[in-house]
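Quick note: the sequence shown, position 471, residue 470 per numbering that gives the first Met the number 0, numbers continuous.
Calculated directly from the structure, the hints in this document are not laboratory data. For each residue, glycine too, the CB sits at the ideal point set by N, CA and C. Heads up, some of the hints might be wrong.
[Unchecked claim] Pairs of lysine-lysine, DSSO-like flavour, derived with a Cα cap of 30 Å:
{"hint": "1", "residue 1": "LYS438", "residue 2": "LYS561"}
{"hint": "2", "residue 1": "LYS226", "residue 2": "LYS208"}
{"hint": "3", "residue 1": "LYS274", "residue 2": "LYS226"}
{"hint": "4", "residue 1": "LYS564", "residue 2": "LYS492"}
{"hint": "5", "residue 1": "LYS155", "residue 2": "LYS199"}
{"hint": "6", "residue 1": "LYS431", "residue 2": "LYS571"}
{"hint": "7", "residue 1": "LYS431", "residue 2": "LYS561"}
{"hint": "8", "residue 1": "LYS492", "residue 2": "LYS561"}
{"hint": "9", "residue 1": "LYS226", "residue 2": "LYS43"}
{"hint": "10", "residue 1": "LYS43", "residue 2": "LYS320"}
{"hint": "11", "residue 1": "LYS454", "residue 2": "LYS571"}
{"hint": "12", "residue 1": "LYS492", "residue 2": "LYS514"}
[Said to hold, decoys possible] Have a look at the derived ranges for each label pair, beta carbon to beta carbon:
{"hint": "13", "residue 1": "ASP219", "residue 2": "PHE289", "range": "48 to 56 Å"}
{"hint": "14", "residue 1": "LEU286", "residue 2": "VAL354", "range": "37 to 45 Å"}
{"hint": "15", "residue 1": "LEU282", "residue 2": "ASP219", "range": "20 to 28 Å"}
{"hint": "16", "residue 1": "GLU446", "residue 2": "CYS576", "range": "27 to 35 Å"}
{"hint": "17", "residue 1": "ASN86", "residue 2": "ILE149", "range": "20 to 28 Å"}
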Amino acid sequence: MKTMIKQKQTITRRFLKYLILIIIGSNLIVAMFLYWIMRENAMKQAGNLRQSLMESTLVTMQQYFENVDNIADTIIYNEDIIHFMRNKEDTIADMALIRGIESQYYYLNPDLEMSFYRTEDWNSVYSIQDEDGAIRIPDYRYTDWYQEIIWTRDKKVLMANEEETGGAGSVQSCVYKIEDLYTSRVVGYLKIDMNMDYLKERFLHSFNKIAGATILDNEDNVLFYDKMEVRVPPELMGKNGEGTYETEDYIITYGTSANTGWHLCLASSKAEILKEQNQIIPLLVLLVLFMVGITLLISGKMFSIITVNFTRLAEGMEKVKTGDLTTRVQADTQDEISILIQEFNDMMRRIDELVSRVESEQLLVKEAEIKALQQQINPHFIFNIMETIMGLASEGMDDEVIEVCTCLSGMLRYNTRFENVTTIAEELEQIKNYVTVIKIRFEDRFEVFYDIDEKCLGCRILKFTLQPLLENAVSHGLGDTDANGMLRIWIKKEGEQVSIMIYDNGTGIPAEKLKELNERLEVTGEHPLEYIEQYKSLGILNVHLRSKLFYGSGYSFEIFSKEGKGTCIAMKIPFSCLGSADVKNEAEKRGETHV
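Start from the sequences and build out the full structure, keeping to the hints where you can.
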């Protein structure tokens, strides 16, 4: 079942996944493109609406103030008004003139309040709404509008009338100079106060698709606003005068009246603009999910027809990977894949028969060669020891002869046991017997040091692994040493392996010979069975060949040497301890009794 799931994930489901990704991707691209077009159209329509309202409002504002200017021009250039301003005393005719202006303009423009100021009479004001004549006021020369108009070359100024509004800015005033027709001397002033509540009703309306509208004066003070107060950074307003400005939530269009310098700001909510477009998103998602579901349903049926035999063949291959060479696949339908299934079954039948035959042959060869190669060590070793005993006996060294014979007895007992595998502890005991004999033979020209990890004493090791390596170090490394020779045996557990190193401080190996020897070790390790006949002699290659055949891939062997400094032989074997049953069996083979 796990194999089937894995196969579907790697082929059928992977193909379906890519197909679904293509469908989802293509539909998402189309949906996003349509949404983007609709969004841009909504933004464009909202922008056109703001621009249209902006232009119409600015035109209305322009026309309104042009009408105020026309009324003012009609008054300030009237000869009777100029004559009235030049007179120092009020007459009945002057008051009748004021009332005439009232009947002509005031009732037609109730949002405007007109006042006249003589330049020679600083404490009087004449209003068309007052029938009693002049009104006594404080010296108007200290008012803001007067200080403003006397320093400008223009014929008028537009400003908030703070005296009447208390600084609230609900009244705007236009002040005009009244000049003498013949001397260009200012004889008076006409001040027209405009009710801003009226202007708000006229200029601003509750637009349904506008989030807010605001009118600011030329000093960026809010005159009035509808729904919400809208502002634009002063530096942007002063730089462009008109344009579009975006915040996180709003898009603001702003413009400036050429007649008054007032700024109009209109804001549209992005959320409101995109509200209708965002309602389409769930529909697009449902459409994509529907298409994916239909694709899965249809594609699953189609691919099950195409891949049923292929899936069974893949499942069979997965079983073969686990080592089951008896696997056979049954075809569901007769098609092109069924031919491959038949060939697969025939191939597996032949492989199963061939592997069985090869395994049997190699097992016999491996066992025979390990025993044969191990036996090659014994005659050579006994010959060397017998020469040592004869040399000691000829010199009358009876104690040494007894010691050597005792060690030889233990070594022969060890060697004549029929098992191929022993423990590192027993192999070290054999090494100590060998070292005792060799030190007597070489007259104590070297010392042997042991650095053994007790965890490794019970580890399995191939019999007669260490002695040939030690013998090689003595014969080739320390053979010409007169004194101060040293052998070090180092055995440690490293993870799941046992590391063994045998070091001597002898003559070392020349670089070219060392390179050749390591190359032979590498070739031998790759194809051990091909070199059995070549390396049946004693020595390092013999140990390497036996160990490679026994341990397989869990084994490594290297030689490090420097001429005149010494040689180090390093090998690693798998860490595997003998169990209690193994120890008992080994003891029974040796004729020993364990309690």
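- Are LYS226 and LYS43 close enough, with their CA atoms no more than 30 Å apart? 22 Å, holds
- Pair hint outcome, LYS454 versus LYS571 [Cα-Cα no greater than 30 Å]: It holds: about 15 Å lies between the C-alpha atoms, which stays within 30 Å.
- Between LEU282 and ASP219, does the C-beta distance stay in 20 to 28 Å? 45 Å, violated
- Query: Given the proposed pairing of LYS492 with LYS514, does the C-alpha separation stay at or below 30 Å?
  - Reply: 28 Å, holds
- Okay, LEU286 versus VAL354 on CB: inside 37 to 45 Å? 57 Å, violated
- So does ASP219 sit 48 to 56 Å from PHE289, Cβ to Cβ? The hint (48 to 56 Å, Cβ to Cβ) holds, given that ASP219 and PHE289 are roughly 54 Å apart.
- Message: Just to be careful, I want the Cα atoms of LYS155 and LYS199 compared with a cutoff of 30 Å; is the pair within it?
- Response: Answer holds: LYS155 to LYS199 is near 23 Å, not above 30 Å.
- Per the hint of 27 to 35 Å, is the separation of the Cβ atoms of GLU446 and CYS576 within bounds? At 31 Å between Cβs, range holds.
- Going straight from one Cα to the other, do LYS564 and LYS492 come out at no more than 30 Å? Roughly 27 Å separates the two Cα atoms, so the pair holds.
- Mind checking the alpha carbons of LYS438 and LYS561 for me, to see if they're no more than 30 Å apart? 24 Å, holds
- Query: Is LYS226 close enough to LYS208, meaning Cα to Cα at most 30 Å?
  - Reply: 11 Å, holds
- 30 Å Cα cutoff - pair LYS431, LYS571: Since the Cα atoms of LYS431 and LYS571 sit roughly 21 Å apart, the hinted pair holds (cutoff 30 Å).
When the structure is compared with the earlier hints, violations turn up for hints 10, 14, 15 and for no others.
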